[in-house]
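Colleague: Chain by chain, the residues:
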Amino acid sequence: MTATKQAYDTLVHETGGWVASQLEACTRCGMCAEACHFYQATGNPEYSPVWKVELLRRAYEQRFTLVGGFKKMIGLEKEITDEDLKHWSELNYYACTVCNKCSMVCPMGIDLGSLLHGVRAGLAAAEVVPDDLMAAVNKQVEEGSPLGMTDSVWDQRLEWIADEWEEDIPRDVQGADTMVVFSSIEVMKFPTNVAAIAKILNKAGEKWTVSSKAREIVNFGFYQGDEKNTKMFLDRVLEGARDLGVKRIVVTECGHAYDALRWHGANWLPEANDFEIIHITGVLGELVGNGRIKLKPGAFDGNGTITFHDACKIQRKGGHIQEPRDILKVIAPNSFKEMTPNREEAICCGGGGGVIAIKAADPQRYAAFGLKIDQVNSVGAKTVTMTCSNCRLQFTDGVEHFKLDWKVTGLAQMVADSLVE
Amino acid sequence: MNPQAMLEFARGPFFYASLLFMIFGLAYRLFTVISLGWSKDRVPDKGSKAGGVVMSFLKGILIWPFIPWVKNTFNRNPLIYIGGGLFHLALFVVIILGTPHMLVWKSLTGLHWATLPLPIVDWMAAVGIIAMILLLINRRINPVLKLISGPAEFLSWLFVFLPMVTGYMMTHHLWLPYENLYALHMLSVDVMMIWIPLSRISHFIFYFFARAIHGAEFGKRGVAV
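Just so you know, the protein sequences line up as chains B and U, in that order.
Taking my numbering, the leading residue of the first sequence gets 170, the next gets one more, and so forth.
Taking my numbering, the leading residue of the second sequence gets 368, the next gets one more, and so forth.
Careful, some of the hints might be misleading.
The calculated lysine to any residue pairs, modelled on SDA-like cross-linking and capped at a C-alpha distance of 20 Å, are [said to hold, decoys possible]:
(1) U:413 - B:436
(2) B:397 - U:410
(3) B:376 - B:454
(4) U:513 - B:209
(5) U:407 - B:437
(6) B:416 - U:410
For the record, the hints were derived by calculation from the structure and aren't laboratory data.
Sequences and hints are given; from them, build the entire structure.
Modeller: Below, the structure is given as structure tokens:
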């Protein structure tokens, strides 16, 4: 029962007035289910967001409310058990990407994403995080990266990328303005993206650098919901930035990492406010907007329809909604077509929140991707572009799994390919 | 107890006792939630929190009761949107814009305002009652609602439904003598007022917290709510 006790204590600890007032606002109308891609794809009512936060609600009501305490006393409401924790671990880690689409649908406006993160914190404290995800977390703790991108691997990969694409990738430059932190997904699986971002920044004449200390932006502690690990990984990035004396930190194409660093970082580590933290999508918008890079108009027209996939953590939760559109309207004015729903109402890819790292969650993940297939097919797109390499991993895998004939690419890559030389 | 005495009790001491219970109960709930404390948000904003909050309330008030079909999830469960929206609209019209209820407000607060003609209020009451019945059926059928509904949800439904249906019967002098209906209406209102702070009907208080938080969260990120 120690696991339960730890989970309970953490859930209670997570429940300040901010969380409590939202739990109290829930009318149990069930509308959030209609927003959840996992519920839509599988029809399993346990995947409704309201049910996923059930543990947090129970802990809160039993601990803090008279009615909750009374209900527990007369046996109307059960205490949280070890079995519950295992069960909710599957609901929350296999079938939730914390994409926060549910909060767009909630008539009360409850920010379900944050509550779901709170549930993860409880599950993490009870050590019921799925094995695959935990293995990745431990790898990041020990090696500095969940994908095995150790010091020497990072070194070799960047060397190779710089060589292969003939792009300068400045390393550990003291006093650079901008420190770029790539995700290991890009370095290991989408090296073209790294080369593309290097090309763009070099072209713009940006004084930038990467840091061997802050070499991984991915934050598996945030997926896990564990505060200690999340902070440790954030701190590595901030330490790298501090050592080099940079002014701003650019997060590349990783959504969860951006959410953790930009929108939560300073609440855990106040020194995060010493830096401007921005996503590469924001940088692209900025560089195109102020003319530091020029794009060939229509560079991507004529090869079939292109559509843009909104990433939950970069568009809906990150606010970089307009920049990709502005860019696509320049480089693909005739072939860019929006999916519906889009922008902040977009449907998540189904692979975020650590779901793609969990083998046992494959059925849920592929089922959720089915919604994306319908969306893309309904605009007849041949190319799907996006700003998150975790989404891109899910798309690449989904395309292979379902034998689709789409091309999956990234926005930075498209920008790099349409630069006016 | 004869109907006259019952009515006197239900609109007299019992009414005021229930009203006080509701007010103090809600105040207690509010106090316990607020006293849990709010941690300070140190993250710098990208957009405007205040702007987000305003948009959040505007959308909340306009979309659900009046134009629910603009939500892209509307088609997946139209009944819950239309039923829920119309029920709340009906409730507002009857309780605030119905003449007899306005007079109750006046006697309690001294404030008064223009009301709608009876036929309109009456029709809205019927709409509210029908919406409630549909929502109950939906709660028994929809797999998600079946999963998340316990005795408290059905009691909440019952304690809201009784005042509505007895009020409607009163207006139309249906089945029972007027005085009996009036007494039943007042009794059911009293019971409802006791139930409100004990249940999720109190969402009308916490609604303001949740929507403000939603607006602030999206506003700070520079995202349309």
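Colleague: Taking the hints in turn, state whether each one holds.
Modeller: Status of each hint after checking the structure:
no.	hint	result
1	U:413 - B:436	holds (16 Å)
2	B:397 - U:410	holds (19 Å)
3	B:376 - B:454	holds (17 Å)
4	U:513 - B:209	holds (17 Å)
5	U:407 - B:437	holds (11 Å)
6	B:416 - U:410	holds (17 Å)
In summary, the structure agrees with every hint in the numbered list given earlier.
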